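J.: Sequence:
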Amino acid sequence: MIALSNIRENPRPMEENKEISALFHLIDDPDEEVFNVVSTRIIDFGKGIIPNLEHLWENTVSEDVQERIELLIHRLHYRDLTGETQQWGRNLHQDLLTGALLVARFQYPELVTSTIYQEIEKLRRNIWLELNNYLTPLEQVNVLTSILYNYYNLRGSEIAYQQPEEFLINKQLESKRGNAIANGILYLIVSELLDVPIRAINIPRQFVLGYFKPEYDFTRVNENPQYKTEFFIDPMSGQVFTHKDVENYFKRINVPPVASYFKPLSNKAVIRMLMEEFSKCFDNDKYRYKQKELLDLAAILDTPDEDPFTGEVDETGENDDPSI
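If you're matching positions, the sequence shown starts at 2 in the numbering used here and goes up one per residue.
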């Protein structure tokens with residue numbers, strides 16, 4: 002159901018003509034084919050018709066009709082979100098915070114982002130005040146971790162698809178709690194703002210960050226990418242892991258630690274992963290359409306990524322060393 006508090010105050014409805022009135026009268030038609038035709042035509046009017054739909058929702062007694070109205074409003078927002086996702090994916094630089102907000106707006110289309118930007122800026126400034134050029138990589142990460150998990154009191158949780166809000170940056174900042182992916186994205190956002198060379202890597206069954214050696218020559222594509230990293234970070238808690246810890250993890254899960262697992266993920270790949278994992282929260286008959294929509298959004302970003310350091314596109318993975 003739409004929370005009435007989420008409906009804009011004093012919305013200005015589109016001038017309702019005979020066609021709109023006729024379409025609104027047909028929203029409750031029991032014939033699904035009729036409703037599909039009606040909904041397509043309503044969506045063609047664009048987001049300007051949303052205030053009219055919200056007014057209709059408020060004056061409708063039938064919960065079934067209210068659900069149909071909610072679906073129409075959702076589809077209108079989703080159409081715009083699809084276009085914005087396409088544009089973000091085409092940008093020369095995919096800003097990670099903007100990508101995370103796109104995912105949050107899937108569930109909260111009227112999200113006010115100014116407070117989120119302010120919260121991120123507070124975090125950035127608090128960490129910046131503690132950083133200096135003389136800190137070692139481990140000391141830099143200790144500053145980030147201390148501010149995020151001790152001062153800011155961020156808490157992490159295992160990924161649970163019954164807790165969709167733990168994927169979304171707006172709810173994460175509100176509750177100071179997120180799952181490994183959400184916390185990892187927040188860690189990456191702040192790191193990028195502070196020019197700390199931390200990237201997500203594709204360790205199986207985990208969302209792990211790596212501190213990449215800033216002096217390493219990333220154009221040497223045949224080098225083993227595992228050794229581009231000083232150490233690894235668990236974004237659930239900020240705990241640091243050594244190379245030996247990671248090697249032991251691969252032994253425990255009985256998976257060969259191939260080089261591709263240690264390559265830095267682009268921001269586009271991170272947001273694609275967030276969308277795919279978030280979609281699993283809607284694996285039920287009632288919200289299956291949301292799962293499909295999120296997977297469709299992820300597919301928009303499923304294009305070959307440029308190497309974030311060399312600018313080269315890796316479509317084949319042929320540069321991957323098959324063993325470590």
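Worth flagging that the hints you see were computed from the coordinates, not collected in a lab. This one's a predicted model, so the numbers in the text were calculated from it and none came from an experiment. Don't be surprised by glycine CBs; every beta carbon is placed ideally from N, CA and C. Watch out, some of these pointers could steer you wrong.
Unchecked claim - So the derived label-pair ranges between C-beta atoms look like this:
| id | residue 1 | residue 2 | range |
| --- | --- | --- | --- |
| 1 | 245 | 134 | 47 to 57 Å |
| 2 | 215 | 120 | 23 to 33 Å |
| 3 | 156 | 215 | 24 to 34 Å |
| 4 | 303 | 59 | 15 to 25 Å |
| 5 | 116 | 32 | 39 to 49 Å |
| 6 | 61 | 203 | 24 to 34 Å |
| 7 | 32 | 303 | 48 to 58 Å |
| 8 | 76 | 96 | 24 to 34 Å |
| 9 | 19 | 129 | 17 to 27 Å |
J.: Against which earlier hints does the structure fall short, listed by number upward?
T.: The structure conflicts with hints 1, 4, 6, 7 and 9, although it agrees with all the remaining ones.
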